[in-house]
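Participant: The whole structure should be built from the sequences, with the hints applied where relevant.
Residue numbers (the working numbering), protein chains in the order written: chain A, 1 to 506; chain B, 1 to 506.
These are computed hints drawn from the structure, not numbers from a lab.
All the given hints hold, so there is nothing to weed out.
Any copy will do: because identical chains look the same in the list, a pair fits if it lies in one copy or spans two.
Each computed SDA-like pair below joins lysine to any residue, with the alpha-carbon atoms no more than 20 Å apart:
| # | residue 1 | residue 2 |
| --- | --- | --- |
| 1 | Lys-361 | Ala-36 |
| 2 | Lys-458 | Ser-65 |
| 3 | Lys-458 | Gly-446 |
| 4 | Lys-433 | Gly-190 |
| 5 | Lys-237 | Glu-351 |
| 6 | Lys-427 | Ala-261 |
| 7 | Lys-458 | Gly-190 |
| 8 | Lys-469 | Thr-449 |
| 9 | Lys-237 | Pro-41 |
Residue-level listing of the chains:
There are 2 protein chains.
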Amino acid sequence: MISSLLSRSSFVRGAARGFTSSAVSLDASAKLNKPARFAQPISASDIPKGFVVSSTYAGIKAAISPKPVDPNTSASSAATSNTNPKPDLALIVSTVPAAAAGTFTRNVFKAAPVVVSNQVLLDGANKEEGARVQSVLVNSGCANAVTGTQGMQDTKSCVELVKKHLAPHPGLAQNSEGRETLLLSTGVIGVPLPMPAIKRCIPHLSNGMILRSDPESWRETARAFMTTDTFPKLRAKTFKLGGQDVRMIGIDKGAGMIHPAMTGPAVPAAVSSGQLHATMLGLIATDAAVQPKALQVALNRAVSRSFNCISVDGDMSTNDTIILLANGQSSPTSHSEIDESSPDFEAFVTELTAFCQELSKLIVRDGEGAEKFVEITCTNAPSYAVAHGLLSRLVTSMLFKCAIHGQDANWGRILASVGGADPTLTKDVDAGKVSVSFVDPSGELGGVTVLQDGNPVKVDEAEIVKLLKKEDIKVVIDLKNGQEDCTYWTCDLSREYIEINADYRS
Amino acid sequence: MISSLLSRSSFVRGAARGFTSSAVSLDASAKLNKPARFAQPISASDIPKGFVVSSTYAGIKAAISPKPVDPNTSASSAATSNTNPKPDLALIVSTVPAAAAGTFTRNVFKAAPVVVSNQVLLDGANKEEGARVQSVLVNSGCANAVTGTQGMQDTKSCVELVKKHLAPHPGLAQNSEGRETLLLSTGVIGVPLPMPAIKRCIPHLSNGMILRSDPESWRETARAFMTTDTFPKLRAKTFKLGGQDVRMIGIDKGAGMIHPAMTGPAVPAAVSSGQLHATMLGLIATDAAVQPKALQVALNRAVSRSFNCISVDGDMSTNDTIILLANGQSSPTSHSEIDESSPDFEAFVTELTAFCQELSKLIVRDGEGAEKFVEITCTNAPSYAVAHGLLSRLVTSMLFKCAIHGQDANWGRILASVGGADPTLTKDVDAGKVSVSFVDPSGELGGVTVLQDGNPVKVDEAEIVKLLKKEDIKVVIDLKNGQEDCTYWTCDLSREYIEINADYRS
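Facilitator: See below:
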């Protein structure tokens with residue numbers, strides 16, 4: 001069944017899971033052709049100094065899968081027009097200990113790698129020099145969640161293996177303090193990591209001859225993150241900080257079970273279980289020099305306006321993690337690091353926030369079954385928390401997402417959903433003041449206000465439908481009850497989403 | 001387009017909306033054949049004394065629809081194997097002023113009939129004799145929401161018209177106190193009520209020769225509630241109260257935009273707007289004698305364990321309303337009414353709660369696109385609010401609902417969703433204590449525990465799939481952290497739901 005489908009469905013998401021793609025979803029994928037449009041090359045000059053990466057095909061999914069897996073179609077490599085086996089294990093290494101920050105899912109049922117990485121950053125934060133790490137090990141195909149004590153042991157074995165094999169490298173930190181390793185895992189859940197395969201590959205990945213910093217190596221590393229993603233999510237940029245060029249590179253992944261709500265390192269909850277799939281993972285590396293505590297503050301602020309403002313299907317994963325490393329190698333000789341009092345701190349936060357928004361939007365673009373990209377702004381709210389909370393409810397509305405999918409100007413569903421949010425949020429909404437508009441993000445078609453100060457505006461529905469027929473749609477909800485704004489990004493709800501999440505295992 | 005579809009789609013939900021039914025949804029409807037299974041006849045002996053009803057086809061949808069509507073297929077009359085035009089206007093009258101209670105949506109954007117009915121009960125509650133009303137006017141086809149000041153005027157005109165035309169009846173209350181009328185509206189939104197059609201029909205509906213109490217008249221009244229419902233939702237029963245027979249009859253409607261969270265009469269919010277469709281409405285009448293304030297307490301308790309514990313698609317309507325009337329005509333000569341201190345009060349609450357649960361489950365059975373009926377119990381919770389809050393989140397999980405639809409034993413999605421609930425709820429969840437089981441509600445197949453005290457149990461997935469292949473599915477989540485329980489009812493998420501809510505207007 002599965003193998004017979006692969007050739008047919010190898011150009012659409014989920015080929016690795018062998019779900020039956022209907023004509024509808026094939027058409028949609030063909031129409032959108034996401035890989036060609038969003039898998040952008042990066043320039044070598046934008047890659048931060050002092051970071052090297054390696055990746056390989058360890059056969060993780062095959063090792064844990066009851067059914068044979070064709071590596072050529074594992075995850076969506078076919079969609080990336082690459083016939084090599086898609087890498088599923090990668091190592092990102094800083095040549096010097098890097099200041100580290102992270103945000104993690106607040107889900108009560110956290111996966112083992114989340115618990116361990118969270119603890120590493122917590123321990124570091126309690127030290128004088130703050131959290132500093134050397135490397136990040138990434139695997140896809142097995143999320144190492146629902147794996148209880150075994151999962152915790154395996155995670156710690158991975159950390160020790162990486163530290164052991166990186167140790168001999170000249171130039172790498174020799175003091176144990178800076179040699180910590182963080183972990184990012186995604187994929188099938190409820191089964192332990194295939195340790196033999198991983199143990200076999202870590203020495204190879206840690207080899208100085210393999211670790212490289214060229215664009216192709218970073219692209220392969222980005223592919224190692226992918227599960228049901230249809231394209232590798234990789235971006236890089238150069239920007240000025242204190243008059244000097246610094247570089248930033250970022251990878252993320254995610255397509256389903258996307259509605260993150262992450263916080264900084266926190267006292268870990270007990271590990272527990274589930275048979276999940278898909279998650280949001282992100283790694284951002286910069287050669288700017290930022291003091292670890294300031295780096296965490298910057299990441300918290302950036303994530304609150306980016307990764308914590310996207311939703312594909314309203315479900316929060318047990319593995320959501322964003323890691324940020326800053327190794328200061330843009331000026332190796334200088335030993336000064338930006339802290340919160342530095343004049344460059346706000347500029348860094350601004351650049352980081354814009355970069356996180358670009359990365360997080362790629363996840364919405366690649367949302368399971370998504371054919372529309374919707375930006376929603378709640379403006380003039382009494383607080384950011386209220387604006388964010390109301391939008392966080394709206395983006396989970398099946399009726400709203402179906403209307404967007406059907407290009408149906410059924411804007412009342414926006415009010416019904418927002419109006420049904422938690423009373424602690426809606427108590428600040430004055431129904432008689434609210435205005436709602438549809439806007440063309442490209443500016444071409446302008447916009448249409450459908451509700452003005454709580455009163456419906458007589459509009460030509462055809463005008464709204466023109467806006468809804470576009471792939472990119474913008475909605476503005478004006479509460480006229482404060483000065484705070486929040487912007488959220490989401491997608492539509494389509495039959496293909498049902499196929500991906502209901503049928504592929506049937 | 002629409003008319004050409006009617007013949008083809010007249011046997012499936014939404015014929016009136018003329019959406020294109022795919023082979024998939026036709027098969028599903030055929031397979032489930034809800035009308036035949038759930039449209040049960042009632043016995044004349046179960047109909048409470050002192051209530052009379054009338055209904056008619058006023059052509060409300062046709063009057064406000066830009067496209068011609070075929071009354072023979074208006075809403076789902078075809079599905080009820082009845083070729084008469086489906087009634088869309090009905091009047092329920094108590095021959096004496098009846099104690100009245102109600103619960104209303106807490107949505108910030110309330111429809112005009114909700115605001116007016118809420119106010120009638122509020123005013124009554126402030127009087128010595130409490131809230132008492134004579135009649136309830138029900139219309140489908142136009143929800144009279146998003147209609148601003150016009151909507152409020154129309155609603156009040158309806159009230160005055162009904163009171164004027166009922167006044168001359170011998171036996172009906174002549175004092176203005178007890179002659180109030182409540183309103184229930186559902187249907188297309190954003191357009192005012194077609195008052196000419198309604199004004200023409202109200203004298204007819206108020207005619208003593210038309211008002212009847214036989215089962216067929218009640219069934220036609222139940223059909224007048226329907227919009228996208230595939231069958232009339234009508235139940236009646238007789239039970240003992242204080243050693244005496246009392247009767248209770250109930251009608252409700254709803255299929256989409258179903259995730260009610262209602263409260264008793266409250267200070268009304270401003271009326272506002274939206275272009276919505278579908279809503280939950282309910283009317284319950286009993287000839288028991290219950291004091292109005294006690295009746296409201298009883299309804300609040302019953303609704304908190306029934307109508308407020310169902311979800312089809314997680315969206316809360318602006319029109320959700322449940323009305324309960326008690327006219328004491330089981331013993332017309334007695335003038336004593338049950339109050340909260342009465343020994344019969346708890347028995348009444350128990351009977352009412354069971355009846356409300358039966359009615360609310362009918363809505364989930366008829367959920368848009370639903371092929372599965374899922375009962376989920378959260379047990380051993382620290383409080384009812386925590387258990388209800390966690391389940392209220394789980395039942396909106398698209399991933400969970402897709403897994404149920406695909407008969408996919410992907411139980412980790414339950415934990416991911418519950419674990420992602422608001423921290424004020426999850427703070428009381430100890431991931432290391434939680435157990436999850438799938439149970440066969442019929443008892444035939446027993447059950448399978450998949451998670452025990454936070455640890456996955458090695459189970460034969462085929463055993464779970466056996467349970468998931470049934471139409472009725474039960475899930476038990478044991479928090480082992482308290483003594484409180486809550487049970488929620490929901491359905492699966494199917495392609496037909498997308499068709500109904502995305503495509504029918506395309």
